[in-house]
Structures are given as C-alpha cells and as structure tokens.
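Given only the sequences and the hints, what does the whole structure look like? Please build it.
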Amino acid sequence: MTASHWRQIASVLGLLLLWQILVQAGRINPLFLPAPLSVLGAMWEMTRSGELPWAVLVSLNRVAQGFIYGAVLGVLLGLIGGAVRWVEDLLDPWVAAVYPIPKSALFPLFLLWFGLGNSSKIITIAVGVLFLVLVNTITGVRAINPVLLKAARDLGASRLQIFVKVILPGALPNIFTGLRLGAGMALILVFITEIEATKAGLGFLLWEAFQLMDTRHVFVGVVTFGLLGVATTWLLQWLERVTCPWIQRSN
Amino acid sequence: MLLALRDVGKAWHIARTGERVAALESITLDVAPGEFLILLGPSGCGKSTLLQIMAGLEAPSSGAIDFPAAAGGHGKLTSMVFQDYALFPWRTVLGNVAFGPEVRGVPRREREERARRLIELVNLRGAEQRYPHELSGGMRQRVALARALANDPQILLFDEPLAALDAQTRRVMQDELLRIWTETGKTFVYVTHSLSEAVLLGTRIVLMTAGPGRVKRIEDVPLPRPRLATGRAEAAMLERLDALLGEEVARAMAS
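Which chain is which? The protein sequence lines are L and H, in order.
Going left to right, the first sequence walks through residues 25 to 275 as the numbering used here numbers them.
Going left to right, the second sequence walks through residues 857 to 1111 as the numbering used here numbers them.
Keep in mind the hints are simulated off the structure, nothing from the lab.
C-beta atoms are modelled at their ideal positions from N, C-alpha and C, and glycine is treated no differently.
A hint or two may mislead.
Partner residues aside, some chain H positions facing chain L, computed with beta carbon under 7 Å [claimed, not checked]:
| id | residue |
| --- | --- |
| 1 | Ala915 |
| 2 | Leu933 |
| 3 | Met936 |
| 4 | Phe938 |
| 5 | Pro945 |
| 6 | Trp946 |
| 7 | Val959 |
| 8 | Tyr987 |
| 9 | His989 |
Dropping the structure here:
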C-alpha cells in the first residue's frame, strides 16, 4: 500500500461518511439521496429475497449472449475485411452508415421485427458490440507491420497459415480494445432495452423503482450496474493477460 | 552454381504520375555455393529489391532467375534475414525460430529440437522462452538468423542486418556471422552500404551503380582471415572500392 492508495481510500470513505452524516442530520432529504448505509441495507434485503440475484442473472444472460454473438461476428468480419480487399469494399459503406447511429435508436426497430422477448434485446446488444469490435479489429489488422507478412511468406507460410498465425495474433491487442469498449456498450444497451417491454432484469428493477419514486432501490440498481462494469473489466483484463502475454503494459 | 540471375530488371509503376521508374537493369550474376557474396551500393541502388527477387518475394519485370540446384533439392532454397529483424512479437524466441518448420508441417518435437540446436548455435541458450521485446537489438538479430537457418536453406539472404545496431554490437555480430558462415557452410548473400563491412566479410563484392541499379564491377576479396579493419591490405582494398563507390554516390546525388 502506497501513500497514493491510502489517499484514494480516504477520498472514498470520507465522502461516504460525510454523505451519511448529512442525511442523518436531516440536511439532505433521503427521498432524493438515501444514506449509503440504508442503500447497503436495501441491497442486502434484496439479495436475501433473491430478487437482486435473479435480476442480475436475467440481465447478464442478455449481456453475455449479445456480447458473444457481436464479438465473434465482429472479429471474423474484421479479420477477413482487414486482410481481403474486396470484402472490405463490401463492408465499408455499411460500417460508415451504421457505425454513427446510436444503437439504442435501433431498439424500436428490433422490437417490431423480433418481438418483445429476449431476442430483440440480445440483438440490439449484439449490434452495438459488433460495430465496435469490427472497427477495432480492422484497425488491428492494418497496424500489423507488413514486413512480418513478408517474413512469414519467406519462411513458407501459406495464405491460411499467415491468416491464423500472423494476422490473428497481430490484431489481438486491438481486438481487446474493441472488446473492452463493446463490454461497456453492452451494459448501456441492456439497461436501455430493459426500460420497456420486460418484466425482469436489473434495468427493469431500476426503472420500476424510479416510477415508484423509491430512490433507495434506484440506488441499488445503479450500484449493481457499477459492480457489473468493474467485474466485466476485470474479466477482460484477465483474458487479455492470459491470451496476450507478450503485450507490455505501461502501468 | 546455386542461383543465376540472367539479365534481370525491375521497374516500379508509380500510379500517381503514371511513370515507370527503373530500379534494376540487366543484372547478370551467379551465386556460387559456399561464398559470402556482398551486394554493395549507394542508397536507392535497388540492392534490397535484388535481394527480394532472389528470395522470390518480388517478381522481376524482365529477365530470368534460375535455381539449377533446386531441381533435385528440397523446398525453398533461400531464407531472408531482415534489417529490422521482423520477429513475431507474440512468439517466444523458440516459437519464432520454429516458425518455418512449423508451417512446413514438421512435428512439434522435431522442430523444437531443431530450434533449440539453432538457438545454441547463435549463442542464445537460456533465452528460449523470452519474447522479442525482452531482447536487445543484437540478440534479436541472432534470433532472426536462427529462424532463417531453421528451414535449412542453401542460401541465406541478408538485408543490411546490422544497420540498426550500435558500432560495438555490430563488430561482435560481424564476427558471429563469419563464425556461423564457417560452421554451417551455407552460402551468404549480404546487402550492405558499408564498405568496411564488405571488405571484412565478403569473399566477393558486387559493386552496384546508382539507380537504376546495374552491376558496375565484381571484385574478389583475396584477403586472408581473420581480417582487420586496420590491416594494410584491407585498407588498400577499401580505398580502391571507396573511389569506385564515390563516383556512384556523386552520380546518384547529381541525378
């Protein structure tokens, strides 16, 4: 533990403590800003009743499915598009057209096409993840030093071997950038798709609490989303360390 | 003779202006088994392009390249050592050296055994599991050399392999290259713009003209080894080549 660590811990604990004291002293209306301990209490109750774990499970299922479909498709299209000129020409106008659209704006369309069930939510998430991963994968393939391709060819690698043994590992660092951005996007989109047309999930729980003006439970939802965000970041960092041990990290 | 270039030319097409720029013109050259052949010339004389043509990485625009020995030979005849090493950053030293045999379908045990033997040959024992970014420039070039040897080529092609190294490391690596050339009995074709390197290393020096590159003169280097940068015979040879090369540099700068 360095001095820097202690300052960070002091900053968090200090602010929480101040907040708790101000609410208890009656200086802040708990209807707007419930005290940290009361939010923690509500979280514990909802965990014991099974309500919170169930909501997390429902949302995670949507996130995981959408993320995996989007990521797999994004990596495949990105690798092929980055390596084969004519495939890139076919992809390029679509990426240019769809990439700037906020993917949440596509959700109503997917609701119309795929109904109120899980699929419209999963597809919205998948599309959001797909474009982030695709664009970063293409960038990764482009960033590969051409002399490496030449060396592989000189050593006798076939086109397929160059693809699998040079282009894929060469693009991995950028692919992981895409995956990290995609994971953040997936959490944003699962919340938005759970506001309407569902009866389960963390987003639903949060939005329902808001409509009942139940600020404590709104906070429970917000904090849980935060924890999910931290958990996915850790998971991806771990995966990157395991699959790309050669990458030098500056921090 | 291992490899023969007959009247080889190479021209680049510049799309922006529609021009054709000649990089090489009527190069006729034989590579003999076991020699240390130096391609020497000013920057932009097309010597790297010539090397890529020998490697089969570029096709000549005119003329022919013959591999008389390849008829009864095995696989590709040449392997290249690049100036900036061109190591795969995601592979360990062992993985880099074993790459050639791996893509040629040599079973894992056999190719790793071969890779370990070559890593030992280039004096990198103990570094098998390190990644390229954990190595110094000189060590990286040793890995690149071992990797090129792993396919057991008859000819090793070097594209200014020591240009990125500091002077001390370059001296050490020159001796290392000579040792490996002697130990393996391979044929070396070596591109450089350094006169002293050419005189220290080569058995034969091909002096090239400024662009478009042609063969200006071919000189045997009859000096005994070990050669010294400060030796009298070496200095005399260097001086003579320097005058010839100077004409070409002046011509290149005037054009």
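**Request:** Against the earlier hints, flag every one the structure doesn't satisfy and list their numbers going up.
**Result:** 1 and 2
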